[in-house]
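Q: At position 235 of the sequence shown the residue is numbered 234 (numbering that gives the first Met the number 0), and the sequence of numbers has no breaks.
Derived by calculation from the structure, the hints in this document are not laboratory data.
The beta carbon of each residue, even a glycine, is placed where N, CA and C say it ideally should be.
It cannot be assumed that every hint is accurate.
Taking lysine-lysine pairs in the DSS-like style, the calculated list, with each CA pair at most 27 Å apart, reads [said to hold, decoys possible]:
#1 Lys-217 - Lys-81
#2 Lys-59 - Lys-14
#3 Lys-81 - Lys-109
#4 Lys-167 - Lys-119
#5 Lys-81 - Lys-119
#6 Lys-14 - Lys-119
DEER-style ranges, computed between Cβ atoms [said to hold, decoys possible]:
#7 Pro-78 - Thr-187: 25 to 33 Å
#8 Arg-199 - Pro-18: 44 to 52 Å
#9 Thr-169 - Thr-30: 16 to 24 Å
#10 Phe-49 - Thr-169: 22 to 30 Å
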Amino acid sequence: MSFSDGLDASLQYLKGVGPRRAVDLLNAGLTTVGDLLYRFPTRYEDRGQFQTVLELREGKTAAIAGTILNSHIRSTRRPQFKIFELLVEDSTGAVRATWFNQAFLAEILKPRQRVILFGKVEARSRGGGLQFINPHYELLNSEIDGSVVALETIHAGRIVPVYERSGKITTKMYRRFVHEALQRLPETLEDSLPPDLQRRLQLPAVRQALEQVHFPEKGTSIELLNRFRTPAQQRIIFEEFFCFQLG
Numbered sequence: 000m001s002f003s004d005g006l007d008a009s010l011q012y013l014k015g016v017g018p019r020r021a022v023d024l025l026n027a028g029l030t031t032v033g034d035l036l037y038r039f040p041t042r043y044e045d046r047g048q049f050q051t052v053l054e055l056r057e058g059k060t061a062a063i064a065g066t067i068l069n070s071h072i073r074s075t076r077r078p079q080f081k082i083f084e085l086l087v088e089d090s091t092g093a094v095r096a097t098w099f100n101q102a103f104l105a106e107i108l109k110p111r112q113r114v115i116l117f118g119k120v121e122a123r124s125r126g127g128g129l130q131f132i133n134p135h136y137e138l139l140n141s142e143i144d145g146s147v148v149a150l151e152t153i154h155a156g157r158i159v160p161v162y163e164r165s166g167k168i169t170t171k172m173y174r175r176f177v178h179e180a181l182q183r184l185p186e187t188l189e190d191s192l193p194p195d196l197q198r199r200l201q202l203p204a205v206r207q208a209l210e211q212v213h214f215p216e217k218g219t220s221i222e223l224l225n226r227f228r229t230p231a232q233q234r235i236i237f238e239e240f241f242c243f244q245l246g
């Protein structure tokens, strides 16, 4: 079975799943691409409205984009517990970000990379100033074969879908799997709504609706999204009622 099978394709073929994750997905009741895509976000966050370092305020949630100046791993009294810290700079200043017990990030977030951080801004206990604690992050570029290439953001720098955790499948994993599934779907999917009905009611096609429900375009109303009232979301609701009526 391949992704030409559309929504019936098995999740085991999805990039990044592997045997262990396939079991985790199965335990969460997810076996096909359709299972994955028809479990919708519980809410949305606008992580695309950037602030500068100078505009950051303690206690507020913010998103910034900047360049990593330096990073290091700090040891603690507990040998297995490490703290990863980095300093991010934009044109107005620099701010520190700290992650607890996530030393592996040193292999991902490196000096000179462009990065987005999103999270709550807190006061530093030592040395004054502000910091992010365990923020969401997204790389804006990466070096591949000696060339710097732009990366598409899915966890920050945009309207981000937030999913309910399902067993060992975190919301970040779920978002990544959904994005990968949408990228690999055929351009045209079998649609349960007749074409003439879609035209008459001006409903988007199922593939377009699924894309917009999971990864809304920039400028989509957060209020409408969180009320499940966008055209794409309304199409999904109508589809459910239509299929229910057909039995």
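Q: The structure should be examined with respect to each hint, and the outcome stated for every one.
A: Verification of the supplied hints:
With a C-alpha separation of about 37 Å, the suggested pair Lys-217 and Lys-81 falls outside the 27 Å cut-off, and the hint is violated. In summary, the hint linking Lys-59 to Lys-14 is not supported, as the alpha carbons are separated by about 36 Å, beyond the 27 Å threshold. A C-alpha spacing of about 17 Å is found between Lys-81 and Lys-109, which places the hinted pair at or below 27 Å, so the restraint holds. Restraint check: the Cα-Cα separation between Lys-167 and Lys-119 comes to about 25 Å, which is no more than 27 Å; the hinted pair holds.
Under the criterion of a C-alpha separation no larger than 27 Å, the hint pairing Lys-81 with Lys-119 is consistent with the structure, at around 21 Å. This hinted pair does not check out: Lys-14 and Lys-119 have alpha carbons roughly 31 Å apart, beyond 27 Å. A hinted range of 25 to 33 Å is violated for the C-beta pair Pro-78 and Thr-187, which are about 55 Å apart. Under the hint 44 to 52 Å, the C-beta atoms of Arg-199 and Pro-18, about 46 Å apart, fit the expected range.
Range check, Thr-169 to Thr-30: about 19 Å between beta-carbon atoms, so the 16 to 24 Å window is met. The given range of 22 to 30 Å is respected by Phe-49 and Thr-169, whose C-beta atoms sit roughly 25 Å from each other.
Checked against the numbered hints listed earlier, the structure breaks hints 1, 2, 6 and 7; every other hint is satisfied.
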